[in-house]
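Engineer: Chains S, C, Y and B, in that order, are what the protein sequence lines are.
Its first residue numbered 4, the first sequence is counted upward by one per residue in my numbering.
Its first residue numbered 4, the second sequence is counted upward by one per residue in my numbering.
Its first residue numbered 4, the third sequence is counted upward by one per residue in my numbering.
Its first residue numbered 4, the fourth sequence is counted upward by one per residue in my numbering.
These aren't lab readings, by the way, just hints derived from the structure by calculation.
It cannot be assumed that every hint is accurate.
It does not matter which identical chain is used: a pair holds within one copy or between any two.
[Stated by the list, open to error] Each computed DSS-like pair below joins lysine-lysine, with the alpha-carbon atoms no more than 30 Å apart:
hint, residue 1, residue 2
1, Lys-141, Lys-79
2, Lys-108, Lys-79
3, Lys-108, Lys-241
4, Lys-17, Lys-241
Protein chains: 4
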Amino acid sequence: MINVLIWNEFIHEKQQPEVAEIYPKGIHRQIGKYLSADKNISVRYASLDMENCGITKELLEDTDVLIWWGHQAHDKVSDDIVKLCADRINGGMGFIPLHSSHHSKLFKALCGTSCNLKWRHGDRERIWCVNPFHPIAKGIPEQFELPREEMYGEPFDIPNPEEVVFMGWFSGGEVFRSGVTFRRGGGKIFYFQPGHEEYPVYHNENVLKIIANAVKWAAPEARESKNILCTNPEPLEKGLE
Amino acid sequence: MINVLIWNEFIHEKQQPEVAEIYPKGIHRQIGKYLSADKNISVRYASLDMENCGITKELLEDTDVLIWWGHQAHDKVSDDIVKLCADRINGGMGFIPLHSSHHSKLFKALCGTSCNLKWRHGDRERIWCVNPFHPIAKGIPEQFELPREEMYGEPFDIPNPEEVVFMGWFSGGEVFRSGVTFRRGGGKIFYFQPGHEEYPVYHNENVLKIIANAVKWAAPEARESKNILCTNPEPLEKGLE
Amino acid sequence: MINVLIWNEFIHEKQQPEVAEIYPKGIHRQIGKYLSADKNISVRYASLDMENCGITKELLEDTDVLIWWGHQAHDKVSDDIVKLCADRINGGMGFIPLHSSHHSKLFKALCGTSCNLKWRHGDRERIWCVNPFHPIAKGIPEQFELPREEMYGEPFDIPNPEEVVFMGWFSGGEVFRSGVTFRRGGGKIFYFQPGHEEYPVYHNENVLKIIANAVKWAAPEARESKNILCTNPEPLEKGLE
Amino acid sequence: MINVLIWNEFIHEKQQPEVAEIYPKGIHRQIGKYLSADKNISVRYASLDMENCGITKELLEDTDVLIWWGHQAHDKVSDDIVKLCADRINGGMGFIPLHSSHHSKLFKALCGTSCNLKWRHGDRERIWCVNPFHPIAKGIPEQFELPREEMYGEPFDIPNPEEVVFMGWFSGGEVFRSGVTFRRGGGKIFYFQPGHEEYPVYHNENVLKIIANAVKWAAPEARESKNILCTNPEPLEKGLE
Numbered sequence: 004m005i006n007v008l009i010w011n012e013f014i015h016e017k018q019q020p021e022v023a024e025i026y027p028k029g030i031h032r033q034i035g036k037y038l039s040a041d042k043n044i045s046v047r048y049a050s051l052d053m054e055n056c057g058i059t060k061e062l063l064e065d066t067d068v069l070i071w072w073g074h075q076a077h078d079k080v081s082d083d084i085v086k087l088c089a090d091r092i093n094g095g096m097g098f099i100p101l102h103s104s105h106h107s108k109l110f111k112a113l114c115g116t117s118c119n120l121k122w123r124h125g126d127r128e129r130i131w132c133v134n135p136f137h138p139i140a141k142g143i144p145e146q147f148e149l150p151r152e153e154m155y156g157e158p159f160d161i162p163n164p165e166e167v168v169f170m171g172w173f174s175g176g177e178v179f180r181s182g183v184t185f186r187r188g189g190g191k192i193f194y195f196q197p198g199h200e201e202y203p204v205y206h207n208e209n210v211l212k213i214i215a216n217a218v219k220w221a222a223p224e225a226r227e228s229k230n231i232l233c234t235n236p237e238p239l240e241k242g243l244e
Numbered sequence: 004m005i006n007v008l009i010w011n012e013f014i015h016e017k018q019q020p021e022v023a024e025i026y027p028k029g030i031h032r033q034i035g036k037y038l039s040a041d042k043n044i045s046v047r048y049a050s051l052d053m054e055n056c057g058i059t060k061e062l063l064e065d066t067d068v069l070i071w072w073g074h075q076a077h078d079k080v081s082d083d084i085v086k087l088c089a090d091r092i093n094g095g096m097g098f099i100p101l102h103s104s105h106h107s108k109l110f111k112a113l114c115g116t117s118c119n120l121k122w123r124h125g126d127r128e129r130i131w132c133v134n135p136f137h138p139i140a141k142g143i144p145e146q147f148e149l150p151r152e153e154m155y156g157e158p159f160d161i162p163n164p165e166e167v168v169f170m171g172w173f174s175g176g177e178v179f180r181s182g183v184t185f186r187r188g189g190g191k192i193f194y195f196q197p198g199h200e201e202y203p204v205y206h207n208e209n210v211l212k213i214i215a216n217a218v219k220w221a222a223p224e225a226r227e228s229k230n231i232l233c234t235n236p237e238p239l240e241k242g243l244e
Numbered sequence: 004m005i006n007v008l009i010w011n012e013f014i015h016e017k018q019q020p021e022v023a024e025i026y027p028k029g030i031h032r033q034i035g036k037y038l039s040a041d042k043n044i045s046v047r048y049a050s051l052d053m054e055n056c057g058i059t060k061e062l063l064e065d066t067d068v069l070i071w072w073g074h075q076a077h078d079k080v081s082d083d084i085v086k087l088c089a090d091r092i093n094g095g096m097g098f099i100p101l102h103s104s105h106h107s108k109l110f111k112a113l114c115g116t117s118c119n120l121k122w123r124h125g126d127r128e129r130i131w132c133v134n135p136f137h138p139i140a141k142g143i144p145e146q147f148e149l150p151r152e153e154m155y156g157e158p159f160d161i162p163n164p165e166e167v168v169f170m171g172w173f174s175g176g177e178v179f180r181s182g183v184t185f186r187r188g189g190g191k192i193f194y195f196q197p198g199h200e201e202y203p204v205y206h207n208e209n210v211l212k213i214i215a216n217a218v219k220w221a222a223p224e225a226r227e228s229k230n231i232l233c234t235n236p237e238p239l240e241k242g243l244e
Numbered sequence: 004m005i006n007v008l009i010w011n012e013f014i015h016e017k018q019q020p021e022v023a024e025i026y027p028k029g030i031h032r033q034i035g036k037y038l039s040a041d042k043n044i045s046v047r048y049a050s051l052d053m054e055n056c057g058i059t060k061e062l063l064e065d066t067d068v069l070i071w072w073g074h075q076a077h078d079k080v081s082d083d084i085v086k087l088c089a090d091r092i093n094g095g096m097g098f099i100p101l102h103s104s105h106h107s108k109l110f111k112a113l114c115g116t117s118c119n120l121k122w123r124h125g126d127r128e129r130i131w132c133v134n135p136f137h138p139i140a141k142g143i144p145e146q147f148e149l150p151r152e153e154m155y156g157e158p159f160d161i162p163n164p165e166e167v168v169f170m171g172w173f174s175g176g177e178v179f180r181s182g183v184t185f186r187r188g189g190g191k192i193f194y195f196q197p198g199h200e201e202y203p204v205y206h207n208e209n210v211l212k213i214i215a216n217a218v219k220w221a222a223p224e225a226r227e228s229k230n231i232l233c234t235n236p237e238p239l240e241k242g243l244e
């Protein structure tokens with residue numbers, strides 16, 4: 004069983020009727036509904052309006068993969084919560100930041116860069132799979148279209164990713180590395196660009212399937228954080244030789 | 004002084020009047036004319052119609068960077084010539100395969116993959132710089148347009164490149180990793196996609212400047228091949244300890 | 004079921020009594036015996052003394068992972084066989100070259116480099132796991148010792164690997180990237196250094212477990228070669244836009 | 004002219020007579036003396052005992068490469084100073100963290116990992132160059148010995164480095180990726196392991212030459228931070244198409 008925790012800022016859906024119409028229960032519930040159809044995936048939810056963002060050390064230790072959607076309130080997530088999550092990712096938990104979470108404190112802390120990019124509302128995107136053998140691309144066509152999506156454009160200020168799985172073409176003339184992987188400690192990370200809140204992007208079958216594939220790819224073999232990488236308080240007494 | 008050898012298949016220019024009009028002396032001479040304006044660059048030429056493709060071991064040993072343009076006669080380049088070049092690249096010579104040279108024997112031998120891609124004539128390309136700090140991007144704008152260019156589209160079957168410097172957007176809906184770097188032994192490699200023979204791509208100032216930047220980037224510190232990596236005929240007699 | 008094909012040069016075992024004593028049925032049979040204990044792995048064998056090295060296109064198409072051990076007769080493997088295997092690896096088959104197979108035609112063709120290294124008989128090695136979260140390291144201790152092993156030392160002239168999983172320490176004073184991964188097309192590649200024929204290295208439980216882990220890691224999701232990357236005979240007729 | 008700023012914690016040298024004997028004016032002055040012999044390098048110094056660690060935004064903006072040595076007082080460097088430095092590195096400044104600076108706030112912030120490792124005093128190290136073509140290895144022998152050095156051992160919890168230039172062999176049986184490169188934004192980073200304060204490591208000619216090479220390698224083409232990657236406060240008004 005893969006334990007997934009979907010964290011959503013959950014503000015747009017409560018403040019903007021047009022967003023609420025697309026995601027009446029929130030973006031997290033929409034994604035979670037799809038994932039839950041897989042009997043090997045168990046989904047829990049957390050959001051900004053909960054105490055401490057709904058995140059505790061115990062919860063994270065029982066989580067295999069953390070999905071994150073944030074946008075307008077990145078700063079409302081405390082540094083302590085960010086550190087809890089970053090440490091747990093280094094210990095082995097998978098991490099899937101979506102769309103505007105490129106500017107979340109957590110993703111930036113793991114990247115060490117600004118994660119800046121170009122952006123513009125109201126575009127159309129075609130997503131190309133550039134690595135058709137990657138597990139995250141399983142069952143995904145060579146390319147598919149998002150009739151309405153916010154443009155995210157290069158240069159995207161991230162560290163050189165380990166793999167580029169998807170690239171985006173925008174009708175306005177831009178390109179983007181839309182699906183990229185990183186590893187930090189034991190944690191596998193997949194940043195995935197689609198998902199502006201005003202368009203029904205998380206109703207797209209391919210987008211949902213990619214997220215589900217990424218969950219399986221990012222889930223660690225064992226749930227326990229490996230302490231070997233997390234603490235080294237004492238020096239070694241003597242050498243092996 | 005950087006010694007550059009520009010190799011050109013040099014067939015289209017002699018067989019197709021419309022290509023001859025764009026490149027009356029050949030693609031190699033057009034690129035070489037631009038490079039020669041830099042007094043630190045010395046250019047020599049070779050082509051398929053010369054004996055042994057105009058390539059000798061001695062010439063390569065006196066070359067810092069090899070630029071390559073081939074298209075319809077890749078198979079006419081002998082395996083011996085390919086091996087001579089590949090060995091010299093491993094020994095430290097820079098290598099800049101252009102456009103349809105993605106399917107040259109030499110580039111494929113260095114990649115170990117098919118280097119296949121999608122293609123279609125008569126498109127329009129916008130080239131984005133995704134790594135504005137890279138030396139190859141020096142003085143290049145954020146993006147520039149090629150009003151007529153052959154479409155090369157993903158998936159591009161190359162090994163995961165060390166760096167992606169440029170990405171291409173095509174009006175027909177495709178994307179491409181248009182400028183990518185690799186290293187083989189001591190040889191720095193920059194594959195650059197623009198350059199269909201029927202369009203005046205190598206008259207574009209940005210395209211030429213990128214090639215010139217790549218020459219400086221790929222040139223080795225010293226011209227000699229390092230034998231440490233080229234031969235190890237005998238085992239070590241005894242250990243250091 | 005993972006179909007594994009173990010190819011062995013199988014000369015030392017027939018010519019040198021001291022090697023035959025360690026591997027009476029050959030290195031391939033020793034490794035295969037261990038792998039076969041896993042009921043999800045099915046093993047077949049091939050060797051240099053068989054017609055066409057015991058390798059056919061049909062056999063490769065029914066193979067998920069190819070393990071390779073060669074040493075003194077690399078040149079006896081024909082270029083045609085090398086091309087068959089390299090194409091199939093690009094199409095998705097996993098590949099695990101062992102020890103002196105660093106100089107096999109096949110591994111060199113996939114690398115595009117000389118794959119040269121330093122070497123010396125009669126050393127002792129300590130293998131460190133530098134990426135304890137990697138699937139190939141599952142169940143492997145932080146370090147283990149090979150009381151007798153041939154020294155392989157840096158610089159190792161390979162392309163920058165995607166991952167370094169193991170590093171070797173030698174009593175004579177050398178170091179080596181002993182377990183490294185690459186990808187070519189859909190094929191996952193794991194080069195693993197241990198295995199000099201004169202020492203009982205493939206009787207070591209950790210060495211065997213690492214090879215078994217690598218088989219599971221390198222096995223493709225589906226056995227069919229993906230033609231999308233293997234052929235592009237015709238241009239696209241028209242764009243998507 | 005390359006402007007180098009060498010930051011040193013500068014505590015051991017004032018508190019421990021045996022360290023003061025090796026570095027009477029501090030580790031920073033010892034390294035700076037060597038670098039200053041190159042007339043193209045200009046050196047400035049800063050240390051923990053200065054106001055705000057001796058670091059200001061203006062000083063960083065006039066710096067090409069920052070060298071850092073810290074050990075027992077990482078936490079005394081304020082988060083504000085760390086952010087100033089990290090932002091400037093992303094803007095293009097080179098960064099060379101030395102030895103125990105693996106645990107500096109600044110290096111950890113750029114890595115996004117724990118940067119943990121094994122350690123033990125009083126060992127002997129042999130440093131191997133695994134990438135003899137790299138500019139940082141220019142003029143460095145294949146291997147050299149540090150008769151006394153603190154052991155730093157794998158696993159080293161860093162993101163997969165872009166390049167491994169040096170690897171360390173320790174007499175006690177450990178191995179280490181001793182010289183590794185990263186890039187964050189425009190900033191080139193070289194972590195270099197040697198330099199325990201109790202041993203005269205920074206009197207070793209090869210160690211000093213490697214640091215000097217790294218300074219030249221890490222220095223940006225232009226000193227100005229590129230704002231394109233540092234701010235994107237406004238969306239784009241309209242697309243290019």
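Engineer: Please name the hints from earlier in the document that this structure breaks, with their numbers sorted from lowest to highest.
Structural biologist: Number 1 - this is the single hint that the structure violates.
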